[in-house]
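Line order of the protein sequences matches chains A and B. In terms of my numbering, the first sequence is residues 1 to 218. In terms of my numbering, the second sequence is residues 1 to 218.
Incorrect hints may have been included.
Copies of the same chain are indistinguishable here, so a pair counts whether it falls within one copy or spans any two.
With a Cα cut of at most 20 Å, we get these calculated SDA-like pairs of lysine to any residue [said to hold, decoys possible]: (1) K148 - R160; (2) K120 - T68; (3) K139 - M180; (4) K33 - E58; (5) K101 - D16; (6) K120 - E67; (7) K33 - N203; (8) K127 - P175; (9) K207 - D152; (10) K127 - A176; (11) K33 - K101; (12) K207 - P30.
For the record, the hints were derived by calculation from the structure and aren't laboratory data.
There are 2 protein chains.
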Amino acid sequence: MNRKVGRPSGKTEARDELIEQARTLFSALPYEKVSTRMIAESAQVNAAMIRYYFGSKEGLFEEMIRETMSPMRIHFRKMNESSTGHELREIMATHARQMAKFPNFPRLVFQSMSMPESAKPRQLLQKVFDEYMVLTEEKVFEQLLRRKLFRDDVDPELCRLSMMSLMMFPLIAPPAILEMNELTMNEEFIERLLAHNFAILENGMFKTLPSNTVKDTQ
Amino acid sequence: MNRKVGRPSGKTEARDELIEQARTLFSALPYEKVSTRMIAESAQVNAAMIRYYFGSKEGLFEEMIRETMSPMRIHFRKMNESSTGHELREIMATHARQMAKFPNFPRLVFQSMSMPESAKPRQLLQKVFDEYMVLTEEKVFEQLLRRKLFRDDVDPELCRLSMMSLMMFPLIAPPAILEMNELTMNEEFIERLLAHNFAILENGMFKTLPSNTVKDTQ
Chain A
1 MNRKVGRPSG KTEARDELIE QARTLFSALP YEKVSTRMIA ESAQVNAAMI
51 RYYFGSKEGL FEEMIRETMS PMRIHFRKMN ESSTGHELRE IMATHARQMA
101 KFPNFPRLVF QSMSMPESAK PRQLLQKVFD EYMVLTEEKV FEQLLRRKLF
151 RDDVDPELCR LSMMSLMMFP LIAPPAILEM NELTMNEEFI ERLLAHNFAI
201 LENGMFKTLP SNTVKDTQ
Chain B
1 MNRKVGRPSG KTEARDELIE QARTLFSALP YEKVSTRMIA ESAQVNAAMI
51 RYYFGSKEGL FEEMIRETMS PMRIHFRKMN ESSTGHELRE IMATHARQMA
101 KFPNFPRLVF QSMSMPESAK PRQLLQKVFD EYMVLTEEKV FEQLLRRKLF
151 RDDVDPELCR LSMMSLMMFP LIAPPAILEM NELTMNEEFI ERLLAHNFAI
201 LENGMFKTLP SNTVKDTQ
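Only chain A is shown next, with the shape it has when bound in the complex (with noise of 0.2 Å):
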């Protein structure tokens, strides 16, 4: 990692730069192998900072996910009890632009959710998820159902599911079946990748679902 030439190196540039870092070594090693010291260095900042800024390495972890997930959040809130499903649409068009930029995060929080409970990654994920994402969607989820806006021969509790699979899978599968199937994971990949889920949901899952208000959010 470079750092920028020219730029002030002030305060909130060393936060950014340790978030970064952060991210990219606990993507790449297991949570225990990585130290404050270690992700001090990559970030060319002083091992103090990460104690002012974010207390210890869990409240780093914690705060890099929560900063990684930030984009969906306003998704989130804007989601009400007058939901159609079209907040759903935005939710993954937002997610998955956001994890085309950091590919290797979707893999770490896929690899944290399968540890066991006791495990510190996996209860610091959690605790950001039940902040802001969890009970929204779950209240939409419920929302859908109760309007009926579900195909009636699909299987409603599973269409949680099904939108996850068909999103997540992509981005966590292992590249060696996205070259089975001549695919390279970038951003036009993921473009066309949400233009045919939405087709698929809409036809496959939905019975109405506004498909005309989507816009770009990058």
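Once you have looked at the hints, place chain B on chain A.
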């Protein structure tokens, strides 16, 4: 694993027991941590039997993969130039039901395929896949493409990945994700998932897909 009482403890039984213990141990531990002595002890047979039947640890791993995947083989053989997608359904059903019997096996495949190309488990897995799956499946997909059986609004090159996503993600997902959706992995869940996924694919991906011909192959 209890030995069945009252059955003749012939050579075939020792071989089957070695396969079964290999599947359990290779799913639970990294490949290099599993020794032939360990497998022989779990199977309660002499370690020399591994050399006799499989040649080596590599040979046993390979044969364990081959036998676990073998129920799909018959369907791949049936696939031919006139396939319409019906065989794909049969393969999806057979695969899901076989995986329900060995719930840790999909994760073993997923983890092995995520390894670098030089890793032994990845190479052995690839060898078995290449034998009878990848090429036949590719031929069938080419047929589906050529005969324009996919809907116009989906991306035909992504259809194979979507089918994998819908079937594989629920099998490898962290238990926490199933719990979040109030789902439990068992045979009933697999049957629900199959019916649900067929409905999504039929309406969301295919123009036509015979729906009255999937037999219970259990």
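### Task
Give the relationship of K127 and A176 under a CA distance limit of 20 Å: within one copy only, between copies only, both, or neither.
Intra 33 Å, inter 13 Å, cutoff 20 Å: inter-copy only.
### Task
Pop the pair K33 and N203 into one bin, within, between, both or neither, using alpha-carbon distances up to 20 Å.
neither (46 Å within a copy, 47 Å between copies)
#### Entry: Same-copy or cross-copy closeness of K101 to D16 [CA-CA at most 20 Å]
The answer is within: 15 Å in one copy meets 20 Å, while 47 Å across copies does not.
### Query
For the identical chains here, do K207 and P30 meet the 20 Å Cα criterion within one copy, between copies, both, or neither?
Neither. Shortest intra-copy (43 Å) and inter-copy (46 Å) distances fail the 20 Å Cα cut-off.
### Query
Between copies, within a copy, both or neither: which fits K207 and D152 at Cα up to 20 Å?
Close inside one copy (9 Å) and across copies (19 Å); limit 20 Å.
### Query
Between the shortest in-copy and the shortest cross-copy C-alpha distance, which are at most 20 Å for K120 and T68: within, between, both, or neither?
within (18 Å within a copy, 35 Å between copies)
#### Entry: Alpha-carbon proximity between K33 and K101, which holds within one copy, between copies, both or neither at 20 Å
neither (24 Å within a copy, 35 Å between copies)
#### Entry: Alpha-carbon proximity between K139 and M180, which holds within one copy, between copies, both or neither at 20 Å
between (38 Å within a copy, 13 Å between copies)
### Message
Cα distance capped at 20 Å. Does K127 pair with P175 within a copy, between copies, both, or neither?
### Response
Intra 30 Å, inter 17 Å, cutoff 20 Å: inter-copy only.
#### Entry: Alpha-carbon proximity between K148 and R160, which holds within one copy, between copies, both or neither at 20 Å
within (14 Å within a copy, 29 Å between copies)
### Task
Can you give me the call for K120 and E67, within, between, both or neither, at a CA distance of at most 20 Å?
within (18 Å within a copy, 38 Å between copies)
### Query
Under a CA distance limit of 20 Å, which applies to K33 and E58: within one copy, between copies, both, or neither?
Within one copy, since 13 Å is at most 20 Å while 30 Å is not.
Hints 7, 11, 12 from the list above are not met by this structure, while the remaining hints are.
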